[in-house]
Each structure stands twice: as C-alpha cells, then as structure tokens.
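K.L.:
Sequence:
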Amino acid sequence: MTGMDKVIASAAEAVADIPDGATLAVGGFGMCGVPAVLIDALFAAGTTDLEVVSNNAGVDGWGLGVLLGAGRLRRVVASYVGENKEFARQYLSGELEVELTPQGTLAERLRAGGSGIPAFFTATGVGTQVAEGGLPWKYDAEGNVAKASPAKQRQTFDGKEYVLEHAIVADFALVRAWRGDRHGNLVFKDSARNFNPPAAMAGRVTIAEVEQLVEPGEIDANAVHLPGAFVHRVLPLTPEQAADKPIEKRTVRTAEESA
Numbered sequence: 001m002t003g004m005d006k007v008i009a010s011a012a013e014a015v016a017d018i019p020d021g022a023t024l025a026v027g028g029f030g031m032c033g034v035p036a037v038l039i040d041a042l043f044a045a046g047t048t049d050l051e052v053v054s055n056n057a058g059v060d061g062w063g064l065g066v067l068l069g070a071g072r073l074r075r076v077v078a079s080y081v082g083e084n085k086e087f088a089r090q091y092l093s094g095e096l097e098v099e100l101t102p103q104g105t106l107a108e109r110l111r112a113g114g115s116g117i118p119a120f121f122t123a124t125g126v127g128t129q130v131a132e133g134g135l136p137w138k139y140d141a142e143g144n145v146a147k148a149s150p151a152k153q154r155q156t157f158d159g160k161e162y163v164l165e166h167a168i169v170a171d172f173a174l175v176r177a178w179r180g181d182r183h184g185n186l187v188f189k190d191s192a193r194n195f196n197p198p199a200a201m202a203g204r205v206t207i208a209e210v211e212q213l214v215e216p217g218e219i220d221a222n223a224v225h226l227p228g229a230f231v232h233r234v235l236p237l238t239p240e241q242a243a244d245k246p247i248e249k250r251t252v253r254t255a256e257e258s259a
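Numbered per our numbering, the sequence shown finishes at 259, counting up by one with no gaps.
Please keep in mind that the hints were generated in silico from the structure rather than gathered at the bench. These figures come from a predicted structure and were not determined experimentally. Cβ atoms here follow ideal geometry from the backbone N, Cα and C, with glycine treated the same way. Certain hints may be false.
Below are the SDA-like pairs computed for lysine to any residue, each with C-alpha atoms no more than 20 angstroms apart in a straight line [claimed, not checked]:
no.	residue 1	residue 2
1	Lys147	Glu99
2	Lys189	Ala243
3	Lys189	Lys85
4	Lys152	Asp140
5	Lys138	Thr23
6	Lys85	Glu99
7	Lys189	Glu240
Computed Cβ-Cβ distance ranges for the label pairs, DEER-style [stated by the list, open to error]:
no.	residue 1	residue 2	range
8	Gly21	Phe157	52 to 58 angstroms
9	Ala148	Ala229	36 to 42 angstroms
10	Ser258	Gly134	48 to 54 angstroms
Construct the entire structure; sequences and hints are all you get.
P.N.:
Here's what the structure looks like:
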C-alpha cells in the first residue's frame, strides 16, 4: 500500500495487527453485508477476547458465529441475537457478556462515534429497563444475574423525557461493500447499506472487503455512500468470495402446493 492506495493483498495481512482484547464494530444485518472473509481471517489468526459491536452475532457456523463458536468473544453489543443457538447457550451459562441495545439507538451510537459526538438524548427506551437499568448483561454459571445494566441519565425537553446514550468508538471496524476504489470510497448495494456505513465510521481503523475493486474516479462522487476518509484498508474479494452469500431462511413450496 503506497500513498492513497489502500489496497491490501490478503485478508490475513488486513487483520494482522488486530490484538487480543480489541473492540470491533462489524457491519451487516442478518446474513446480508457481513464481512465474512475478514471474520474468517481473524478466526485463522487465533485472535480472541474480543468485544464486538454489531446488529447481530451471526448464525451458528457463519459470520460472527465462527468466532463465537470458538469462544473468541467476551462481550457483544447488539440489538438482535435470536438466530444463534450457541449465542443463547453462552449468554445463559455465563460465558458471554451481552449488552442488548435498541436497533436505532445502536446505529446512532455508531454514527455518533464516527461524527465526534460523545453522547445524545433519545426517547427510545424511556420507561423501560433500557433507561432504568437492570437488564442482565451477564449471568453466572448458576443462572443468576452477575452484572446488570446501569441506570442512564434522563432529561426532559419540552415536556418530554429522554434518555442519554453514549457514542461508540471501536478499535477496528470490519465492513463489506459492493464496490470500492483504491482510495477507500465505498458503495453498498441494496439492504447491505444497513449497519455497514455507521460501523465503518465508528472504527479508529476501518477495514473494508469489497466485491468489486475499481480505479479512483470510476465511482461517481454522487454515488459514494461512504467516503474514503473513513476507510484505511481495502481488501478486494475473489469472485468466489464475493458470490458466497448464504440464505438465512429458505422456504419452499411442495409441487402439490405450487399446483
């Protein structure tokens, strides 16, 4: 990588300096827009004791589920975790700390972190344990709550109560884009433009795997979803890696039902 050229030759090189104990902001929603190649490289590197901030924790055996299944995650900040049985097992048995956060709040905490905004007030969660505290973050081996969420500051504006939420800034961010250039300008396709931009903004060092690598200037400036200022490394995927997009839930009809 020289000058403005941020392209990295391999996934292993891209994640080589991520240390044990790091905090990662990871893009994706369900199985869409997940930086699976970078996650697999982290798994191969043996990196462990990670805190992950992501909308969800992947599924068993894919995405973040690979790191989770190997016991590499110590803490997860997420909004939805219902598709991963191993996640539930680790959480309920006291092996994993989990901070459940409302989905819109999580997105804004990441965006705020990337925008230099330390905290913000939101109406989401007012009148619930999100604001009042007591959500179980971690259980012990006997199923008792070992660590609970603290109460958050509340304030009234124009007669309405709001709760204070703190921004998230991660050591590293891992994201996946449909198209990117050598300067790190990224374009996300369809619903993959979900948690990827705010996750990328929140990383002190942001690594993007891209399905299509193009030369600077080939992406119209008006089409850029995330400017290269937020991206530090670009990993071009092979056609096979780019095409690897599992379906989370498949529903089919029988021949009789179709008739």
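K.L.:
Holds or violated: Lys189 and Glu240, Cα atoms, limit 20 angstroms.
P.N.:
OK: Lys189 and Glu240 at ~18 angstroms, within 20 angstroms.
K.L.:
Does Asp140 lie within 20 angstroms of Lys152 when you go C-alpha to C-alpha?
P.N.:
Given that 20 angstroms is the threshold and the Cα spacing comes to 24 angstroms, the pair is violated.
K.L.:
Given the range 52 to 58 angstroms, decide if the beta-carbon distance of Gly21 to Phe157 lies inside it.
P.N.:
At roughly 38 angstroms between Cβ atoms, Phe157 and Gly21 fall outside 52 to 58 angstroms, so the hint is violated.
K.L.:
For a C-alpha distance cap of 20 angstroms, please report whether Lys189 and Lys85 respect it.
P.N.:
Status violated; Cα separation ~29 angstroms.
K.L.:
Checking one constraint from the list: CA of Lys85 to CA of Glu99, max 20 angstroms. Satisfied?
P.N.:
17 angstroms, holds
K.L.:
Taken at face value, is the distance from the CA of Thr23 to the CA of Lys138 at most 20 angstroms?
P.N.:
18 angstroms, holds
K.L.:
Quick one, are Lys147 and Glu99 close enough, alpha carbons at most 20 angstroms?
P.N.:
10 angstroms, holds
K.L.:
Against the 20 angstroms threshold, does the CA-CA distance of Lys189 and Ala243 hold or violate the hint?
P.N.:
Roughly 14 angstroms separates the two Cα atoms, so the pair holds.
K.L.:
Is 48 to 54 angstroms a correct range for the gap between the Cβ atoms of Ser258 and Gly134?
P.N.:
50 angstroms, holds
K.L.:
Taking 36 to 42 angstroms as the hint, is the beta-carbon distance of Ala148 and Ala229 inside that range?
P.N.:
Holds, at about 39 angstroms.
Hint violations for this structure: numbers 3, 4 and 8, all remaining hints satisfied.
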